Amino acid sequence: MRTFANEELNDWELNEMLSQWTVPEAPADLKARVFLRPQHTPLRLPTFALAAGAVPMSQRMKSGAVSMLIHAAAVALLFIAFQSKTVQNKVKDLGHLVYIPNWQPKLRAMQKAGGGGGGGQKMPEPVAKGAAPKFAPKQFMPPMQAIPQPKLPVAPTITAQAPQITAELYGDPLSKVLGNSGGPGTNGLGAGSGNGIGDGNGNGYGPGHGGGVGGGVYQIGGEVSTPVPIYKIEPEYSEEARKAKYSGTVLLSIIIDADGNTRDIHVVRPLGLGLDQKAIEAVSKWRFRPAMRNGRPVAVQAQIEVSFRLL
Amino acid sequence: MTAEQAFDEHHRAVYRFAYRLLGRADLAEDITQDCFLSMLRHPQRWDAARGDMRTYLFSVARNLVRKRYRDEHADSYVEEDWAVSLADRKADQEISAVVAQAIAQLPDLQREALILFEYEGFQLAEIAQIVEADIGVVKSRLHRARQRLKRWLAPYRKMGAYENVCK
Numbered sequence: 002m003r004t005f006a007n008e009e010l011n012d013w014e015l016n017e018m019l020s021q022w023t024v025p026e027a028p029a030d031l032k033a034r035v036f037l038r039p040q041h042t043p044l045r046l047p048t049f050a051l052a053a054g055a056v057p058m059s060q061r062m063k064s065g066a067v068s069m070l071i072h073a074a075a076v077a078l079l080f081i082a083f084q085s086k087t088v089q090n091k092v093k094d095l096g097h098l099v100y101i102p103n104w105q106p107k108l109r110a111m112q113k114a115g116g117g118g119g120g121g122q123k124m125p126e127p128v129a130k131g132a133a134p135k136f137a138p139k140q141f142m143p144p145m146q147a148i149p150q151p152k153l154p155v156a157p158t159i160t161a162q163a164p165q166i167t168a169e170l171y172g173d174p175l176s177k178v179l180g181n182s183g184g185p186g187t188n189g190l191g192a193g194s195g196n197g198i199g200d201g202n203g204n205g206y207g208p209g210h211g212g213g214v215g216g217g218v219y220q221i222g223g224e225v226s227t228p229v230p231i232y233k234i235e236p237e238y239s240e241e242a243r244k245a246k247y248s249g250t251v252l253l254s255i256i257i258d259a260d261g262n263t264r265d266i267h268v269v270r271p272l273g274l275g276l277d278q279k280a281i282e283a284v285s286k287w288r289f290r291p292a293m294r295n296g297r298p299v300a301v302q303a304q305i306e307v308s309f310r311l312l
Numbered sequence: 023m024t025a026e027q028a029f030d031e032h033h034r035a036v037y038r039f040a041y042r043l044l045g046r047a048d049l050a051e052d053i054t055q056d057c058f059l060s061m062l063r064h065p066q067r068w069d070a071a072r073g074d075m076r077t078y079l080f081s082v083a084r085n086l087v088r089k090r091y092r093d094e095h096a097d098s099y100v101e102e103d104w105a106v107s108l109a110d111r112k113a114d115q116e117i118s119a120v121v122a123q124a125i126a127q128l129p130d131l132q133r134e135a136l137i138l139f140e141y142e143g144f145q146l147a148e149i150a151q152i153v154e155a156d157i158g159v160v161k162s163r164l165h166r167a168r169q170r171l172k173r174w175l176a177p178y179r180k181m182g183a184y185e186n187v188c189k
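If you read the protein sequences in the order shown, they are chains A and B.
The working numbering numbers the first residue of the first sequence as 2 and each following residue consecutively.
The working numbering numbers the first residue of the second sequence as 23 and each following residue consecutively.
If we strip away everything but chain A, and leave its shape as in the complex, we get (with noise of 0.2 Å):
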């Protein structure tokens, strides 16, 4: 790892340095949301507690005894009733008054779309003959016969067959690609998968990852906090450095995502002697607490020295 200068700071050096980090105020609505939230009422209802201890066995058994005569009586009760003829006759009654038929109506496959209704001017004559509006998608402006003076005219559509919408107009500004492609990506114009244009994956435009112009990731600095390392493995040695007693500094490009995972690990400056692998073994399983942007965790580039000493 890389390692700061053998030099230490005083005691005043370092109060000076420690008063220089300041932190934003608390958000203003915070006390809102505590007193006028509706946790103001226990969230632990009090326990319900048995005013008389445990019941005896005895009583149990009677509670029981009592509890099953008086099932046992609604039960015969009911079948006494339906013995009776008239009760009977009554209940077959009631059956052809609730009989719903089995009925469901028989749905035809259409053959081919149709079109929509007509609406009308509350006029006594039927509609005169006249050119049909044009087609669109949607439909902002009814056709009317007589159109008053608008303040914002908009020309009245029917929607039907929408008109089919070209990209001529849009592409990408990088591009040496003459005529008419909206790219082999999804979602965008170029070949990549996000909502912009270039062959990234982000919002942006340009090749890369992420918002903005030009896609990439975003650099440390400014807005962008830096990611801080919270789990980390030792590199191990490979065999033939140790052998060589080989020691010296692999200088590793990450970039760490939003999640604080590290990916598309590069060598900058290699060691050799397969240290440049395990370095980056070691570093592909290191966590860290993401970057942060305007109080939300971004992917950010960074670079990190790994060191190899042998003692």
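No wet-lab data here; the hints were simulated from the structure.
This structure is a prediction, so every number in the text was calculated from the model and none was measured.
Each residue gets a CB set at the ideal place from its N, CA and C atoms; glycine is no exception.
A portion of the hints provided could be inaccurate.
Simulated coverage check for chain B against chain A, where a stretch passes if three residues somewhere in it have a Cβ under 8 Å from a Cβ of chain A [unchecked claim]:
#, region
1, 27-35
2, 57-64
3, 122-132
4, 142-149
Residues on chain B that point at chain A, a partial pick, calculated with CB under 8 Å [what the hints assert, rightly or not]:
#, residue
5, Arg38
6, Asp48
7, Glu51
8, Thr54
9, Ile117
10, Ser118
11, Ala119
12, Arg168
13, Leu171
14, Lys172
15, Arg173
16, Leu175
17, Ala176
18, Arg179
Place chain B on chain A using the hints.
Just chain B now, with coordinates in the frame of chain A:
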């Protein structure tokens, strides 16, 4: 003191404390909110004989932070002798961010002791009560944290506004 008075008086400090420990505004807000909700739900837990309201609230906030950290990083740990640093630290980065990062790299127990002492002005005995440890242990954590920071922050003493102070 009513709950609202306690909130008005202490919520900013609790928020600052949570923010310095977790480094995120949204989490700090959650912790502050939960801290005072806990006070509202269980007012009987505060015993005036054992410490003042401020110490009690910080103790609740500290436990909430630790619980949140455990929930989010169940499979990770922070080593005692953490010595890694990102090599691409830009020279023009603000000194505030440098200090924040250095403190974030301290072990958890040292970090909370340092923040309580340096930024919230607690006495050693109060910190010991908040973190549930002996005064001697707190003193030792504080000392080790400061020693580390003295080493780690030495290369940045000439950065930014601090340059003028050091001359």
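| Which numbered hints does this structure break? | 4
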